[in-house]
Structure formats: C-alpha cells, structure tokens
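Engineer: Each chain is listed here by its residues.
2 protein chains.
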Amino acid sequence: MGSDEGRKTIEVCFSPALFADFRNDDAIVVVVDILRATSAIITAFMNGVRRLIPVATLGEARAYKDRGYLVAAERDGIVRDFADFGNSPYNFTREMIENRDIVYSTTNGTHSIMIAKDCYRVVIGGYLNLSALTDHILSEARSVIVLCAGWKNKFNIEDTLFAGALAEEILKNENFTTICDSTHAAIDLWNLARNDVLGYIEKAAQRHRLRKNKLDDVLEYCHTIDLTRCIPVLKDDFLTKLDVS
Amino acid sequence: MGSDEGRKTIEVCFSPALFADFRNDDAIVVVVDILRATSAIITAFMNGVRRLIPVATLGEARAYKDRGYLVAAERDGIVRDFADFGNSPYNFTREMIENRDIVYSTTNGTHSIMIAKDCYRVVIGGYLNLSALTDHILSEARSVIVLCAGWKNKFNIEDTLFAGALAEEILKNENFTTICDSTHAAIDLWNLARNDVLGYIEKAAQRHRLRKNKLDDVLEYCHTIDLTRCIPVLKDDFLTKLDVS
Numbered sequence: 001m002g003s004d005e006g007r008k009t010i011e012v013c014f015s016p017a018l019f020a021d022f023r024n025d026d027a028i029v030v031v032v033d034i035l036r037a038t039s040a041i042i043t044a045f046m047n048g049v050r051r052l053i054p055v056a057t058l059g060e061a062r063a064y065k066d067r068g069y070l071v072a073a074e075r076d077g078i079v080r081d082f083a084d085f086g087n088s089p090y091n092f093t094r095e096m097i098e099n100r101d102i103v104y105s106t107t108n109g110t111h112s113i114m115i116a117k118d119c120y121r122v123v124i125g126g127y128l129n130l131s132a133l134t135d136h137i138l139s140e141a142r143s144v145i146v147l148c149a150g151w152k153n154k155f156n157i158e159d160t161l162f163a164g165a166l167a168e169e170i171l172k173n174e175n176f177t178t179i180c181d182s183t184h185a186a187i188d189l190w191n192l193a194r195n196d197v198l199g200y201i202e203k204a205a206q207r208h209r210l211r212k213n214k215l216d217d218v219l220e221y222c223h224t225i226d227l228t229r230c231i232p233v234l235k236d237d238f239l240t241k242l243d244v245s
Numbered sequence: 001m002g003s004d005e006g007r008k009t010i011e012v013c014f015s016p017a018l019f020a021d022f023r024n025d026d027a028i029v030v031v032v033d034i035l036r037a038t039s040a041i042i043t044a045f046m047n048g049v050r051r052l053i054p055v056a057t058l059g060e061a062r063a064y065k066d067r068g069y070l071v072a073a074e075r076d077g078i079v080r081d082f083a084d085f086g087n088s089p090y091n092f093t094r095e096m097i098e099n100r101d102i103v104y105s106t107t108n109g110t111h112s113i114m115i116a117k118d119c120y121r122v123v124i125g126g127y128l129n130l131s132a133l134t135d136h137i138l139s140e141a142r143s144v145i146v147l148c149a150g151w152k153n154k155f156n157i158e159d160t161l162f163a164g165a166l167a168e169e170i171l172k173n174e175n176f177t178t179i180c181d182s183t184h185a186a187i188d189l190w191n192l193a194r195n196d197v198l199g200y201i202e203k204a205a206q207r208h209r210l211r212k213n214k215l216d217d218v219l220e221y222c223h224t225i226d227l228t229r230c231i232p233v234l235k236d237d238f239l240t241k242l243d244v245s
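Chains as they are written, first to last, in the working numbering: chain A, 1 to 245; chain B, 1 to 245.
Calculated from the structure, these hints are not laboratory results. All clues stand as given, with none of them false.
Identical copies look the same in the list; a pair holds intra-copy or inter-copy alike.
In silico lysine-lysine, BS3-like type, Cα no more than 27 Å apart, as pairs: (1) Lys152 - Lys235; (2) Lys214 - Lys154; (3) Lys203 - Lys154; (4) Lys154 - Lys212; (5) Lys235 - Lys117; (6) Lys117 - Lys154; (7) Lys152 - Lys117.
These numbers come from a predicted model, not from an experiment.
Bound-form chain A, shown alone (with noise of 0.2 Å):
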C-alpha cells in the first residue's frame, strides 16, 4: 500500500470502552455524543457560553453549584434536582449563558471528552458543525480519531451516522485514508439513512429513550446540517471556542 505513504487516516471509535485501542496522542479527536451532548455544547459556544466545564461525576458538579456556577447535570435524559439544566440544547440560550462559565455533566458524553484528553486535540463534533470541522481536520492534516460516546459504553446509531458523514467528507480529500472496518460500517449505515435520518434513527434505542422521557423535540434539531462555525475544542479542563481564522 505504497500509495498511501504520508496519508492521514481517519479512524471511528464505537464506543469509550474500545478508545484505549485507538488511542494516538498526534491524532485530533472529534467526540460526538448527537443525542444530545455533544449538540448541546455546540450551540452552547454558538450562543456565546465563554468556558464549559465538562465534569464526570454529578459529585463534582453538585460542588461546582455550590461555588456559583450554572451548572447543567443530567444522567439517563433527568435533569438532577441541584442543576439549572440539564442536557437540551435549548436550554442554552444566549440570555442564560452569554459570557459566563457552564459546568456540565451528562451520562456519556463527558466522560469521552475526558478519556480522549491527553490527545493532540480534542474537539467537538455533531452535525450543527460538520462543515466548519470538516475544513478544521483538512486544515491541520493530522490522523482523526472520531469518538462516539455511545450509550454507556455500548456502540449507538445516532452517534455512527455522524461518524459517518463526517468520515465520508473527510476521505474526499486524497491526503486522507482508512484501513478501519469501523470506518467503512459507519459510511455504509450513513449512506443508507442520510434521505431519512430521523426515519432511520426510529430504531435507535436512544430515539426511545428520548421520546419515553418527553425530550425528544430536540431530533430535527441535532441533526441540522452546519448551523455554525463554532468548534468547541478542550484547552486543559475546559472547552472553549476554537479560534479559526
């Protein structure tokens, strides 16, 4: 495979349990948690939050409650009773978060931020900034680690779909290769859903969830293609807004 001398690859990582298998301390790691996290955050830096806070226990964020922070908490789609919110991203709005500090603390996404921390980048994906992460990987052409936090550590379809789409973007450009069987199941499944992605995620058990629990008017929402620019992207423990000229 001569012809792929000096390509970056592209890898996806179905879930947090298999990351230490990927793991590549040169390589940009996108984590992507659509369902709802990782859009959360996004629109979170679109609507002009300074620094996001991402913690793993609800321990550590009741704490940060205590000290005055707004703090959005939630576990299995509740918002905790301490929280000012949980994970919608319609609870961040520019008048409740413009210029102020966030902590915040789900179920999967958080802990994926964390895990992959010690990488070259690690940046924030969903489908609100594909295009505007997309031109920030070719920009830097470094090997990418896409990483779905799935469902507590169980592979997902919603967060495969995105894997998806962004990889088949990202291998377009010929400096870009994959030998990864993951990669190419998530371009498969993407291709088959893009026409209907909110009729394919019918079967997504998180679709389920969302919609028992009353929080599923976020679906058309999370998967509306390149909303913003914005790339939320970790600076030691927190996330701020990726400076790209």
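Could you slot chain B onto chain A? The hints should help.
Structural biologist: This is chain B only, laid out in the frame that chain A set:
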C-alpha cells in the same frame, strides 16, 4: 413496550472489550470469528475431532504440545513454529483429527470463548452452521448474545455481517425481539452485503491481512452457508459437539 413482555432478546457485541456491558449469565453466547477461528472450529467438529481445548496464551499451547497433544496455534495469522497447524479450516481434515483432542490458540477467537464461559451456554457460530445454530437458539428460547471476536478488540466487518445474518433469522421468530443498536446495524450491513459478501468484504482489514499472508484461500469456504449441523459447545474448559437430536 408491553408487547415485548416475555420475549427473548438478541444482542450483538462488537468486541470482547465490550462484553462486560452485555453479560447475562442466563444467555446463550454465540462466539463468532469468521476469518478464521470459528469457521475452523466448526470444521474440526464436522470432521470428527473429539475435544478442542481453547487456550489463551502460546505458553499454555506449548505446554500441551510437550504433553503430546495436537496443537493449533497462530498469532496474527502466522502458524507458530512449535504448533502442528495454524488456523486454516483446511488443516482440520478427518484423517488428521478424527477422534483426537486438539489444543487451540488464536489471536482473537479463543479469548472470546473464555470470557463468555460463565454464561448459560457458549456455542461456536459461523456461516457453516447457520441454520443448525438458528434452530438450536429458537428451541432453547433464551436470550442470545452474539459475541464478535473482532480484531484485537476492534470491530470487524466480517463478524458483524454474520451477526446480522443470524440476528435476522432469529428475529423472524415472534418470540424474539431486540432494542440493541448494534443488532440493527449488523442486520442493515448484512442486507447491504448479502448478495455479494465476498465483494463487500474487500473493504475489510482482515481480508487484506489474509491476502498479504497468502491465507485468503479460505474466504469462500468460510462464507459457505449450512455445510454442517454441528454446533461446537463449551463444556467446562473444552469444546465438544452439542448433542442435538
């Protein structure tokens, strides 16, 4: 979902590294490593092997060799020098193995067998015994986990396609249901691939590894449906032939 009450579930686990989150001691686990471990194991029982002893390490395999056992041992597709043969199903001819015990160690397949051993039953699956396996599962009316051996903990395409083929058969029976995203994805990939499986797996990394090592003579054989009614089953620490009447 009241209509699902009492129905058994089928789930697909894409990697042994994810198995802890699927584990259900009452379930039948179908271990799958199409290229080539489980195809080879089914072949061995089809050709009259008595017992097959899966071992995790090459050290254990060598110790059995010193005690006079026939040993199949490979890593990354390469036969180890002390072993009698590697992982090709073509090694397990009747004249070589009939009524004998074989010790068996591979890169991925034997590990998957061992991690499932505390479940209700561990059976070995492949295209070669697809219908026999389906009939057995339906007759048992227990929940099923299809455990894909993958490649060094990573998702692979060829095991996933088989998982989809099996899940589709099982779910035709109204006593079974699934709320597992991996299962839906596997079925959709199987339906993309089924009319030309060998063409589809051209994109699989393992297909390239086998070609590189000149071990790809087994592709068509390993994708042959229903060559046998044999179902290897784990009993204590060895595999034997399931007694199905």
